[in-house]
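Student: All chains should be built: construct the whole structure from the sequences, respecting the hints.
There are 2 protein chains.
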Amino acid sequence: MTSYELLRRYPFFGPLTENQLKAIAMIAEEKTFPKDTYLLKENTAANKLWLLVEGDMDLIYSGGGEGAVANILVGSIAPGEVLGVSSMIEPYKFISTARSTTPIKVIEIDANALRALMEVDCRLGYTLMRNIAQAVLERLKYTQVELAAARA
Amino acid sequence: MTSYELLRRYPFFGPLTENQLKAIAMIAEEKTFPKDTYLLKENTAANKLWLLVEGDMDLIYSGGGEGAVANILVGSIAPGEVLGVSSMIEPYKFISTARSTTPIKVIEIDANALRALMEVDCRLGYTLMRNIAQAVLERLKYTQVELAAARA
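These protein sequence lines map, in sequence, to chains C and G.
Just so you know, the first sequence maps onto residues 1 to 152 in the numbering used here.
Just so you know, the second sequence maps onto residues 1 to 152 in the numbering used here.
No lab work stands behind these hints: they were computed from the structure.
Hints are not guaranteed to be accurate.
Since the list can't tell identical chains apart, any single copy or any two copies may satisfy a pair.
As the list claims (entries may be wrong) - Pairs of lysine to aspartate or glutamate residues, derived as EDC-like cross-links and limited to a Cα-Cα distance of at most 16 Å, are as follows:
hint, residue 1, residue 2
1, Lys-141, Glu-90
2, Lys-93, Glu-138
3, Lys-48, Glu-108
4, Lys-41, Glu-54
5, Lys-48, Glu-18
6, Lys-41, Asp-58
7, Lys-93, Glu-54
8, Lys-105, Glu-119
9, Lys-141, Glu-81
10, Lys-22, Asp-56
11, Lys-31, Glu-18
12, Lys-22, Glu-5
13, Lys-105, Glu-81
Tutor: Written out as structure tokens, the structure reads:
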């Protein structure tokens, strides 16, 4: 459990009500991990959502076992950004691997419990899903620009 | 206006109720466009959402005026997929350009009206936003794989 005062500092949780933030705080925990931690791995079940509080992470695409490419950098996560958005979107599998490039501090949220909250409170569901879609779209925009640069 | 029977054929509109589908049908139109139509342009205001019914489209990143890269293919849209997801996500600006590579048939939805429906019916808002997030995540996954291949 963490405090709703901590959550309310982050734009990702805006504009939620105090009661909604308190419910999320009950299923969230603050955690720290050393440099070079693999917080999530491509193609594994996605059951946690993180908000990066401190530190930096790389997103890596491993090649999915096809052997054609391996461990290529495809993005990064900065403080204030969410990580593990696949835990909120079917089929709930991570699409890449995330490794910390510094010691990190995160807020870790139980994704199953969060999805349950979103199901019973559709106003919360709509607001958070909008924020998640925005986070994914920003990442898509960045990745398209990088792809265009790599192909130019 | 189009028919809700048409909309219900597409997984993107599932699982909506008959009343929700009828409301969306009232703000949607079927349209056809020739090959080489630019349906949306990068960095312009996003106020329409399309579902591609027939044909194919390329997604192109123009370089955003920076001059470093220009008109690079960064993705494609196949029948059954949505186009213009930026019309549902702040800041409501298209992040790339879409050009038809064949004659196309689309269902065109007034995005402002759809956002208004989602605002008053948060169950509709939650369901559709989840489908939109899923569409964006699939595109991100594809783009990350392409980026990894281009960098390998």
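Student: Now look at each hint and say whether the structure bears it out.
Tutor: Against the structure, the hints:
Proximity of Lys-141 and Glu-90 under a CA criterion of 16 Å is satisfied inter-copy only: 13 Å between copies versus 21 Å inside one chain copy. Taking the closest pair of Cα atoms, Lys-93 and Glu-138 come within 16 Å of each other only across two copies (11 Å); inside a single copy the shortest separation is 19 Å, beyond that limit. When the C-alpha separation of Lys-48 and Glu-108 is checked against a cutoff of 16 Å, the pair qualifies only within one copy, where the shortest distance is 7 Å, while the shortest distance between copies is 36 Å. In this assembly of identical chains, the alpha carbons of Lys-41 and Glu-54 never lie at most 16 Å apart, being 20 Å within a copy and 36 Å across copies at closest.
In the homo-oligomer, the alpha carbons of Lys-48 and Glu-18 never lie at most 16 Å apart, since the shortest distance is 22 Å inside one protomer and 34 Å across protomers. In this homomeric assembly, Lys-41 and Asp-58 come within 16 Å of each other (Cα to Cα) only inside a single copy, at 12 Å, whereas the closest approach across copies is 31 Å. Taking the closest pair of Cα atoms, Lys-93 and Glu-54 never come within 16 Å of each other, the shortest separation being 25 Å inside a single copy and 30 Å across copies. In the homo-oligomer, the alpha carbons of Lys-105 and Glu-119 never lie at most 16 Å apart, since the shortest distance is 28 Å inside one protomer and 34 Å across protomers.
For the homomeric pair Lys-141 and Glu-81, the shortest alpha-carbon distance inside one copy (15 Å) is at most 16 Å, but the shortest distance between copies (18 Å) is not. Taking the shortest Cα distances, Lys-22 and Asp-56 never come within 16 Å of each other, neither inside one copy (27 Å) nor across copies (46 Å). In this assembly of identical chains, the alpha carbons of Lys-31 and Glu-18 never lie at most 16 Å apart, being 23 Å within a copy and 45 Å across copies at closest. Proximity of Lys-22 and Glu-5 under a CA criterion of 16 Å is satisfied intra-copy only: 9 Å inside one chain copy versus 42 Å between copies.
When the C-alpha separation of Lys-105 and Glu-81 is checked against a cutoff of 16 Å, the pair qualifies only within one copy, where the shortest distance is 12 Å, while the shortest distance between copies is 38 Å.
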